[in-house]
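A.B. asks: Residues per chain, in single letters:
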Amino acid sequence: MALAEPFTAKDKVAASAKRRNLIPFLGLPAVAVIVCFMVGPMLIALSFSFLTAGVYGGVDLPFTIEAYRQFLFERNLDDSLSFDNSYLVIYGRTILLAGLTVVISIVIGLPTAWYMATRTPKVRERLVLLVTIPFWTSLLVRTYCWVLILRDQGLANGLLREIGLITEPLPLLYSYGSILFGLVYSFLPFMILPIYAALEKVDFRLIEAAYDLYASRAAIFLKVVLPLAKPGVIAGSMLVFAPSVGSFLAPDLLGGGKKLMIGSLIQMQFTTSRNWSFGAACAMLLMAVVLTVLVFAVRQSKKERHA
Amino acid sequence: MKNLLIGPIAALSLTTAAYAEGDLFIFNWTDYTPPDLIEKFEKETGINVTIDTYDSNETVLAKLKSGSTGYDIVVIANPWVNVMAEEGLIRKINASELPGYDNLDDRWKSPTWDPDNAYSVPYQWGLTSFVVNTDVYDGDIDTLDVLFNPPEELQGKIGMLNSPSEAVTLAQIYLGMDFCQTDVENMQKVETVLLDQAPHVKVYNSAGVIERMASNETAGHMAWNGNAMRARGLNDKVKMSFPKEGIVGWMDNLAVPTGARHPENAEKFISYLMQPENIAMVSNHARFANAVPGADQYLDAELRDAPELAAPDGVDIKFLVTCGEDANRLIDRVWTKVKK
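In order, the protein sequence lines correspond to chains A and B.
Each number in this note's numbering comes from the position in the first sequence (counting from 1) with 61 added on.
Each number in this note's numbering comes from the position in the second sequence (counting from 1) with 109 added on.
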């Protein structure tokens with residue numbers, strides 16, 4: 062099945078030499094977009110991170126690595142440096158929360174995607190639509206709705222009090238738990254959709270074959286379903302991890318702004334702290350973290366494919 | 110969109126109406142210029158007004174620094190007046206010689222940030238302290254101790270503004286320190302105050318203060334006086350504190366950028382806003398106090414009688430200042446350590 066199509070496609074291309082000459086140019090819009098809107102701003106941020114912060118915001122010459130030094134050391138009055146773990150703690154906490162978000166999203170997303178992939182095509186279409194519906198409303202509005210639901214006087218506590226389960230409101234908001242909840246809620250669809258895309262293509266005769274060979278349910282899941290879903294899980298993990306690690310809506314609104322996350326730290330540097338170069342350096346270091354995870358994930362999936 | 114258009118429009122009107130007395134370009138905070146006032150001004154003077162808006166002090170600074178803005182009036186917060194004057198971004202207007210100057214309250218003449226009102230005239234002003242729900246805690250609230258070292262009833266129910274500079278300045282008043290400390294040991298004391306307070310804080314958020322106090326989500330909250338007044342409107346148990354240690358004040362001011370193309374019209378507008386009935390329209394729109402005592406009779410009753418807008422005699426109002434680089438780095442460091 063997979064062999065038949067490329068041939069016909071190739072034949073069509075060969076039939077029109079003119080069209081073939083145009084093919085290299087078809088990539089131009091994509092390249093232009095990437096250069097203008099991704100590489101350009103990144104280079105600006107990179108250069109800002111090596112410049113001196115302006116007194117009232119902005120950056121000035123000369124070039125310096127002060128911003129990166131500030132990440133690990135605080136400068137004392139006598140200009141000596143002492144180790145300061147504040148930013149490492151903030152990065153560690155954020156990465157841990159983003160990692161947990163990925164794990165929870167897999168645990169919820171995998172069965173959901175499996176359920177979706179095993180429905181009839183018509184039902185499937187509707188389910189995909191349902192998963193994407195949250196994107197129709199701004200994330201800010203949806204996050205704020207959770208504040209209204211989870212707060213002491215909110216819907217959840219009101220309901221629990223109404224049916225007599227509690228007398229005092231449960232502290233559902235303003236904790237790491239509520240941040241994690243907010244992150245999973247925000248980015249779960251990014252996990253479900255790629256896994257669904259992977260499972261949708263699965264040839265279910267493979268599972269029948271496994272049954273025929275007396276594989277247990279657990280063995281089928283681990284040896285057949287999971288490997289087939291793996292590309293989706295890896296893509297989903299990347300899509301969930303990257304926005305989670307940079308998010309500042311959930312930490313500020315649902316977490317009550319009690320602890321800094323990378324996202325709010327960077328935002329603070331560009332506003333009240335008026336330290337653009339340190340903000341840019343934080344963003345660069347965040348990008349380094351995300352890139353490392355990405356490279357690791359891609360290698361992992363390649364290894365899998367070759368095995 | 111407005112921002113993109115204003116430049117070309119300003120340039121165009123310059124060429125076509127260079128000698129007509131017609132134009133005035135105002136740059137003000139969002140929702141801070143009453144439309145009915147502008148209509149009245151246009152009708153009475155024949156000057157054609159265009160308004161552009163911004164949402165942060167840094168925006169104004171950046172725009173004025175970039176030069177060709179075409180604005181004739183900017184509204185700037187008091188900590189930025191001397192910064193902009195020093196940077197040569199606003200021009201001398203010698204306000205004390207303008208008609209209407211005598212209408213200003215004596216205490217707002219020649220303020221610390223602008224001696225002799227050489228560059229600016231007060232527009233609206235406010236106070237930052239805290240509010241308490243007296244249903245939850247009915248003890249004395251005339252000290253910042255209630256906010257920073259809360260009594261049992263308020264523990265875990267405190268809200269703070271999520272701004273390092275605002276939280277730090279209030280803590281500095283609590284400790285009896287000057288703003289913009291560059292003394293590391295003093296800033297460590299500030300850090301200790303904020304760290305000791307942290308376990309009792311439920312939420313750090315500058316938005317939604319009114320709503321949190323009205324719904325009993327928080328029982329005490331650091332707040333601006335305009336918001337305190339509006340929270341009381343929704344929940345009459347909400348009371349604002351005028352702490353004996355002092356209170357943070359801020360003033361927004363009218364000033365004229367150096368590159369203004371219609372400075373005479375700008376001065377006309379400034380004089381116009383020193384007239385009681387006109388500046389009262391601004392207060393009625395923005396819900397903050399002004400600096401013209403004669404304006405009281407034109408205020409909405411709700412504003413005129415609001416205890417939040419009138420600091421009692423003897424309350425020490427400490428006005429915000431823009432801190433230099435060193436002091437600002439220390440504020441950032443304290444905030445990072447409190448929230449790490």
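To be clear, the hints were calculated from the coordinates, so they are not data collected in a lab.
We put the CB at the ideal spot given by N, CA and C, even for glycine.
Heads up, some of the hints might be wrong.
Claimed, not checked - Examples of chain A residues toward chain B, derived with CB under 8 Å:
#, residue
1, 130
2, 134
3, 150
4, 198
5, 201
6, 211
7, 213
8, 214
9, 273
10, 318
11, 333
12, 334
13, 335
As the list claims (entries may be wrong) - Chain B is nowhere near these chain A residues, computed Cβ spacing over 12 Å in every case:
#, residue
14, 114
15, 115
16, 117
17, 145
18, 184
19, 215
20, 230
21, 234
22, 260
23, 289
24, 313
25, 320
26, 325
27, 326
28, 329
A.B. asks: Taking the hints in turn, state whether each one holds.
C.D. replies: Cross-check of the supplied hints:
no.: 1; hint: 130; verdict: 13 Å, violated
no.: 2; hint: 134; verdict: 12 Å, violated
no.: 3; hint: 150; verdict: 5 Å, holds
no.: 4; hint: 198; verdict: 19 Å, violated
no.: 5; hint: 201; verdict: 11 Å, violated
no.: 6; hint: 211; verdict: 11 Å, violated
no.: 7; hint: 213; verdict: 6 Å, holds
no.: 8; hint: 214; verdict: 5 Å, holds
no.: 9; hint: 273; verdict: 58 Å, violated
no.: 10; hint: 318; verdict: 4 Å, holds
no.: 11; hint: 333; verdict: 5 Å, holds
no.: 12; hint: 334; verdict: 4 Å, holds
no.: 13; hint: 335; verdict: 6 Å, holds
no.: 14; hint: 114; verdict: 8 Å, violated
no.: 15; hint: 115; verdict: 9 Å, violated
no.: 16; hint: 117; verdict: 6 Å, violated
no.: 17; hint: 145; verdict: 9 Å, violated
no.: 18; hint: 184; verdict: 41 Å, holds
no.: 19; hint: 215; verdict: 9 Å, violated
no.: 20; hint: 230; verdict: 10 Å, violated
no.: 21; hint: 234; verdict: 8 Å, violated
no.: 22; hint: 260; verdict: 41 Å, holds
no.: 23; hint: 289; verdict: 43 Å, holds
no.: 24; hint: 313; verdict: 7 Å, violated
no.: 25; hint: 320; verdict: 5 Å, violated
no.: 26; hint: 325; verdict: 8 Å, violated
no.: 27; hint: 326; verdict: 8 Å, violated
no.: 28; hint: 329; verdict: 7 Å, violated
Checked against the numbered hints above, the structure violates hints 1, 2, 4, 5, 6, 9, 14, 15, 16, 17, 19, 20, 21, 24, 25, 26, 27 and 28; every other hint is satisfied.
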